[in-house]
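Novice: These are the residues of each chain, in order.
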Amino acid sequence: MSSNGDNEEPLYGERPEWADVKPVPQDDGPNPLVPIAYPADYADAMSYFRAILATSERSERVLELTATVIGLNPGHYTAWKYRQDTVLALSSNLHAELEFVENMAEENPKCYQIWHYRQAIVDRLGDASREVSFVNRMLAIDSKNYHAWGYRQWVVKKYGLWDGELRDVDRLLEADVRNNSVWNQRFWVMENGPEAFSAQKMDEEIAYAAQRIAQAPRNESPWTYIRGIVRLAGKTLAKVPAINDLCTSFEAQDMIVPHALAMQLDMACERKDVSTTKTICDQLAEHDPIRAKYWAYRATAAA
Amino acid sequence: MRILGETTDATPDAVKGPIASTVGQPAGPLSDDGAESWASDFFGAADDGFPTDSSELQQEVEDSIAPLLDPYQNGSADLASVKLDRAAHNKFVQKNLLSLPSYFISLDASKPWLVYWTLHALDLLGTPIPPDTVARAIATLAACQDPDGGFAGGPGQLPHLAPTYAAVNALAIIGTAEAFAVVKRPELLSFLLRMKQPDGSFIMHEGGEVDVRGCYCALGPAKFLNILTPALRSGCGAFIARCQTHEGGIAGVPGLEAHGGYTFCALAALEILQETSRIDLPLLAAWLSRRQMAVEGGFQGRANKLVDGCYAFWQGAAATIVECALARVRAEDLEEESGKREDVDPTDMYDRVPLQKYILLCCQDPGGGLRDKPEKGPDYYHTCYVLSGLSVAQHSYTWSSSEEDIIPRSSAKPCIVGAPGNKLPVTHPIYNVLVPHVARICSHFHLPYTL
Ligand SMILES: [Zn+2]
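Protein sequences appear in the order of chains C and A.
For the first sequence, the working numbering begins at 145 and goes up steadily by one.
For the second sequence, the working numbering begins at 1151 and goes up steadily by one.
Any given hint might turn out to be false.
Stated by the list, open to error - Quick list of in silico lysine-lysine cross-link-like pairs, BS3-like style, CA-CA up to 25 Å:
| id | chain 1 | residue 1 | chain 2 | residue 2 |
| --- | --- | --- | --- | --- |
| 1 | A | 1526 | C | 254 |
| 2 | C | 254 | A | 1523 |
| 3 | A | 1573 | C | 437 |
| 4 | C | 288 | A | 1526 |
| 5 | C | 301 | A | 1346 |
Simulated from the structure, these hints should not be mistaken for lab results.
All values reported here derive from a predicted model rather than from experimental measurement.
Use the sequences and the hints to build the structure in full.
Specialist: In structure tokens, the structure reads:
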């Protein structure tokens, strides 16, 4: 959980530099439900943290105290907020804070507060030069980390760091073509990046996705991506011949790919071709039985 | 994965059950499942001969649950005898209520959640909540309330939207005048308005992050307490609509990946606002239907991620709301044609049976409590949400224009997988407390309060 968990440091109650602070113990009331049997180090640090909250002290020692609390309980959002306000009030060394966050993030990659805190520090620092590589280190641990992707989008958009985005997307799809977070990022770049999205761009992206589909046709992500890209271009599926070609290529190989069928279903709906719609829904109900109820709904909705 | 409940994923794995354990002893002939084609070659195990990290992890899960599910697919075990082990789950929930072990400090900023998860789980299990537990719950929630409005994760902490939602839901479950008297209504409204952002979103706490959980956690309590003012509503639906992605599901903030937990929060909030027409419902329905796993039967949270029992609620309840919203649209269309207003029954869009099988056979820990998947230990969060998902999967709902709410469909027979005794009471798919509790708290606070 944290280095303080091993308790090499003396308790705050035993430190002379904290002797001027009167600790405030936890008050759960006389009849609590779900009270926690706090370990001594956490109870000690929290008693001093409550005392500091009451006096609104902003000092170096508060940084150490909040680090202890956060180290023992990374979800303690009040301690994070207090630390943030203190750091900004003291104009502390913000680069050191980035290091503090990185150490925390490696052990608690899914903690909301860590990412929000880093955003606040970088925002104040006005220097995001190390951020994309930080995110890449975190994605190397978990390439689908939702918070890491959210933070990445904030940094890239705010500081205009678009240059490396598609390169990183390609690298990550090369590593795992099924990583849906990466496909989402690719779409996000198309939608928000500096380059205007054009009909030509749409064709290129369909070709890109089709290549990835050829590797693993039953991978949902590139199919969904194609739908999104076509919509982004303001077109409809049925009017893009490459998509029809892609879907029928599996028929030619005698392969049943439900994603291709589902795409053909959407195209039939666009054309208001009710009989084809029903035929495809029947096929899908047979070959994708877990979704039989959904395909039956689609058949009735088309009527 | 913990969606609503703040903090990290460091959920204590107090009691790790053995990986392969069966609930309900296999015996007897196959009932009516013989015709079901189980092993799907298509959306499920298939890696197209091109393995990657995602498909390998998926294969591991499929392999680990096969011993639990297969006997009921090939007919060597009788599904009708499979039981929800209420006694064991009850014991798991009640065991530590008066003193949580020290590793629970990771939930020290989630006290109202602990109260809500346990009370709602007991409610679903049909366990009367002991008077002493009720009194303690009220005292604990009251201690978390900020003098300036809202509830914090613990006494003396900053008020936060997520524990505010959990606290108000817990008080709705308790439902006594004493419980309702805890809430400082004007202060709560002023707290919610302080969290409101110009773009319609909410920050979770002062200086905190924005995401669509905030909309749900603000609007749910506001609806219960009858403080859903125009100022609180304004812009919220537009913000949520910006979070729908090209996939059809909804993300935490605009631009991110569609995700089950955020999708539920966003959709439930839109339903509270009666603004579901702001999003593309058919696109969302398609995305939701793709989240049910072909082999496991349970739901995943995002495309190409693993099944997790808690999504039985997040995705299952979202699917229910979409079904009802689409039925409402159909009713409106029919009214335009015929001039006659009649409610339309919704159509099922996911398969309730395999979902319930996954819950009963894979999510029950033999030592009590419910879990994400067999290799994970049980915890309060999953116990609450897996049971909630089971309730939603058992019952049918419909939109009622006279009640202006989604209500249980009295004409429909419940769909109970396994023993008939597995039937749970009906949870509300928007608020996730039992249906009668919604009417009770709303009628208590029926007199409006405005600042
Ligand atoms: Zn989960």
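Novice: With a cut-off of 25 Å on the C-alpha distance, tell me whether residue 301/C and residue 1346/A pass.
Specialist: Holds. Residue 301/C to residue 1346/A sits at ~23 Å (cutoff 25 Å).
Novice: Please work out if residue 254/C and residue 1523/A have their alpha carbons no farther apart than 25 Å.
Specialist: It holds: about 19 Å lies between the C-alpha atoms, which stays within 25 Å.
Novice: Between residue 1573/A and residue 437/C, is the straight-line Cα distance small enough, at 25 Å or below?
Specialist: 22 Å, holds
Novice: Can you confirm whether the C-alpha distance between residue 288/C and residue 1526/A stays at or below 25 Å?
Specialist: 20 Å, holds
Novice: Given the hinted pair residue 1526/A and residue 254/C, is their Cα-Cα distance within 25 Å?
Specialist: At roughly 17 Å apart (the allowed maximum being 25 Å), residue 254/C and residue 1526/A satisfy the hint.
Checked against the numbered hints above, the structure violates none of them.
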